[in-house]
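*Asks:* Take a look at the letters that make up each chain.
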Amino acid sequence: MVPELGSFSLILALLLCVILGTLPIIGASTNNVLWMSLARPLSAGVFVFVGLALAILAYAFVTDDFSVQFVAQHSNSLLPMRYKFTAVWGGHEGSFLLWTFMLTGWMVAVSIYSNSMPLDFSSRVLGILGMLCFSYLLFMLATSNPFDRVVPLPPADGADLNSALQDFGFIVHPPTLYMGYVGFSVVFAFAVAALLSGRLDSAWARWCRPWANISWAILTIGIALGSWWAYYELGWGGWWAWDPVENPPLITWLFGTALIHSLAVTEKRGVFKSWTIMLAILAFSGSLLGTFITRSGLLTSVHAFASDPSRGFFILGILAVAIGGSLILFAIRAPMLKSDFSFDLVSREIFLLVNNVILVVSAASVFLGTLFPMVYQAVTDDLISIGPPYFNLIFVPLMILLVIFVGIGPISRWKKTSVSFLIKQLTKVALASIAIGVALPLVILMEFSLPATIAMALAAWIVLGMVKDIANKTANKPDLITGLRSLSYSYYGMQAAHFGIALMVTGVALTSYFSTEKSVLLDAGQSIDVGSYVFTLEGSSQVRGPNYVGDEVAMSVTKADVPIATLLPQRRIYIATGTPSTEMAIDAGFLRDLFVTLGEQKESGAWSMTIYVKPFIRWIWLGAIFMAFGGSLAAADKRYRKLKKRAEDKALINAAEALQPVS
Amino acid sequence: MTRFVFFLPVIVFFALAVLLWQGLFLDTKALPSMLIDKPMPEFALTTVDGEEVTNVDLPDQIFLLNIWGSYCLPCLIEHPTFMRLAEEGEIPVVGVNYRDRQGLAVNWLGENGNPFEFSILDESGRFGIDLGVYGAPETYLVDSDGVIRYRHVSVLDESVWREEFIPAIAELRGGVSL
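So the protein lines, in turn, are chains A and G. Take 1 as the starting number for the first sequence in our numbering and just add one per residue. Take 664 as the starting number for the second sequence in our numbering and just add one per residue.
Treat the hints with care, since some could be wrong.
Chain G stretches covered by chain A per the calculated footprint, using a threshold of three residues with CB under 8 Å from any CB of chain A [to be verified]:
no. : region
1   : 666-672
2   : 707-718
3   : 762-769
4   : 823-835
The following residues of chain G were derived to be distant from chain A, with all beta-carbon distances above 12 Å [as the list claims (entries may be wrong)]:
no. : residue
5   : LEU721
6   : ASP723
7   : LEU736
8   : ALA749
9   : GLU751
10  : GLU753
11  : GLY788
No lab work stands behind these hints: they were computed from the structure. Every residue gets a Cβ at the ideal spot worked out from N, C-alpha and C, and that includes glycine.
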């Protein structure tokens with residue numbers, strides 16, 4: 001009976017979405033205040049009912065209700081409680097419910113924080129989100145209801161959650177990624193509302209920016225969590241594989257990065273308006289495309305859910321209406337948006353445009369690489385495979401170019417920057433960066449390598465450019481502290497995020513070029529040298545967990561006879577399915593990770609294993625944390641809050657103006 | 664003219680949507696290989712264990728050619744089926760370790776069991792391209808003359824084995840069922 005209540009509350013949410021997606025939007029164009037004011041309570045209602053459905057599904061998992069098909073397929077009575085709870089998003093149906101719930105969460109957030117916006121505008125935004133939510137709910141009820149029962153008889157026990165998913169990473173990665181992904185729907189709704197109302201000015205950009213920044217920050221963390229999880233769980237020591245399902249979040253992230261920069265220009269200078277709108281649509285398209293690829297079975301991949309073509313057609317329909325519709329609206333309305341082009345060829349506007357072009361080209365090339373095998377087959381009936389070499393070949397040079405501009409952009413001025421000013425500012429920075437690039441790898445790694453030199457020089461370029469810019473900005477203040485205090489949150493946010501790029505560049509380059517790995521066969525007591533470390537197999541023992549049995553070996557690690565760590569890698573067999581799984585042991589460090597994956601025990605008693613030393617790998621995720629922190633800091637800038645009061649007064653005037661498109 | 668520029672994204676998008684639409688009709692589980700009814704491409708590589716291997720070393724009876732990799736989670740799902748086939752001696756299975764690294768491949772086999780007669784090491788993915796591999800896992804049915812007869816993309820579990828492979832093999836063996 002309880003699962004049926006879940007279906008029922010999804011249907012109620014769907015009905016509320018029908019009203020939310022129509023009346024407030026119609027109300028906004030006919031100035032019907034009653035209809036417009038429906039938007040907020042309806043959003044709250046949708047949130048409550050979708051949330052209730054999610055809670056009911058979680059309840060079905062926790063109580064081992066295997067009469068529900070989705071539960072029977074993704075859980076087992078032996079599964080530990082925390083994984084029962086999170087198995088809710090362990091498959092297509094449940095994860096789509098989580099995805100929809102995230103959307104309703106964003107809707108409520110918008111309705112709470114929309115006081116600074118005119119009523120007609122917030123109603124349009126919520127109405128558009130309501131339409132999206134409607135399409136998701138309809139899709140869920142029509143093709144992927146997580147509450148479907150097993151008929152006629154429920155199985156005695158469930159098939160168990162995929163053992164690779166029984167991990168902390170699985171608890172945190174999907175919700176974070178979805179939250180960031182879905183956040184771009186909000187920005188998309190802002191863009192469509194702007195096109196509908198014809199209102200696209202600095203105020204619009206100011207409303208939109210915190211949402212874009214926060215979504216971007218969360219998406220950054222979501223992708224980084226996925227990368228970290230793949231690194232320690234999948235056991236091949238990689239942190240990025242260019243998998244067809246890893247790519248759409250990256251595409252969204254690249255468009256999102258372009259968007260937050262373009263929004264800055266639109267807010268501060270009132271230009272690039274249609275470009276900003278276009279990027280908002282593109283970032284959202286990236287997120288929808290990700291859904292489409294994962295859930296339609298279009299591409300086979302590690303992440304793919306059980307595929308079903310009817311789902312593919314449905315999502316493609318959503319794609320066509322949402323993206324196609326917004327692009328048509330864009331084509332009709334965008335030419336009316338006038339920008340006041342008053343900047344020189346060398347100016348911060350142009351540098352940001354260059355940044356945007358590089359990011360969009362990168363996103364497009366990842367997109368092409370992801371879909372090319374399929375397109376190629378559709379056109380020629382021939383097959384082709386595209387792997388990491390293609391992506392690295394295209395992506396790395398683009399990123400190098402981008403980082404060079406990351407150094408120049410912040411130091412340049414709006415409207416007009418003289419070339420001689422830039423040269424004067426940056427010559428020393430450039431020379432110092434090159435010196436650091438050559439010297440640091442020699443000192444740290446004691447060998448010369450061109451990739452490491454380039455990477456370190458680029459990282460130094462960002463950091464030194466940053467220091468130089470802060471020095472410039474505080475030069476006229478009485479003392480450094482006053483100077484630093486006078487800078488805004490959003491300025492610090494930008495610098496923190498750029499600093500994150502410097503960390504990430506360092507981590508990526510040093511890990512890629514200086515990792516060592518050895519596959520060995522060791523008896524108890526035997527040692528092996530890997531890099532400057534000595535790994536010794538101390539012994540092995542049996543282990544038993546709640547739903548698995550396995551072996552564990554103890555490896556001690558020393559460096560120059562100083563004990564560093566004891567690593568305990570395991571091999572497990574999950575009882576319910578008999579699937580084997582390895583739990584690698586990692587000694588994480590700021591400057592290097594040591595890790596061991598365990599193979600099988602030979603008849604002689606020796607263990608096969610692979611040992612890795614990965615320098616600076618943590619810097620990749622540390623960089624992502626700095627970027628996300630920067631994004632959040634920028635979103636917390638005072639001016640978004642201070643303006644609330646002023647905007648409220650303005651809103652009264654705007655409400656009247658908004659009736660006719662302001663172009 | 665400038666107005667036309669704004670319609671470009673719409674046109675590009677709908678062109679893409681048509682391609683995606685077509686993509687849905689491509690049955691990724693039974694992609695036709697270019698090589699169906701053609702002989703296996705020539706190769707001279709090493710096995711995962713480091714021994715040299717060419718077309719001559721392939722079994723001279725009907726066999727399965729399974730594309731796998733240690734990074735490939737779905738391969739773990741189909742693994743028990745191959746283990747059973749190998750144990751029961753139903754049909755020889757040759758592996759192609761696709762775009763992987765030797766150490767990882769050896770470990771993976773050690774960890775999960777080795778159902779393969781041998782596994783051809785294809786670190787660069789070059790042999791995979793010759794075969795027209797889309798990604799691991801994939802399984803080809805090759806007859807006793809070394810001619811590729813059937814291709815299955817994605818996981819080969821017991822039901823795929825029963826419903827697709829047993830009939831295909833029976834047909835090759837001239838109606839004699841297994």
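*Asks:* Now, for every hint given, state plainly whether the structure supports it.
*Replies:* Hints and how they fare:
1. 666-672: With 4 residues close enough to chain A, the hint holds.
2. 707-718: That given contact is violated, which follows from only 0 residues of the region 707-718 of chain G lying within Cβ reach (below 8 Å) of chain A.
3. 762-769: holds (count 5)
4. 823-835: violated (count 0)
5. LEU721: holds (22 Å)
6. ASP723: Since the minimum Cβ distance to chain A is about 28 Å, G:ASP723 lies beyond 12 Å and the statement holds.
7. LEU736: Non-interface label fails for G:LEU736: nearest chain A Cβ at 5 Å, not farther than 12 Å.
8. ALA749: holds (16 Å)
9. GLU751: Holds: least Cβ distance 17 Å, greater than 12 Å.
10. GLU753: About 20 Å separates G:GLU753 from the closest Cβ of chain A, which puts it past 12 Å; holds.
11. GLY788: violated (6 Å)
The earlier numbered hints that this structure contradicts are 2, 4, 7, 11.
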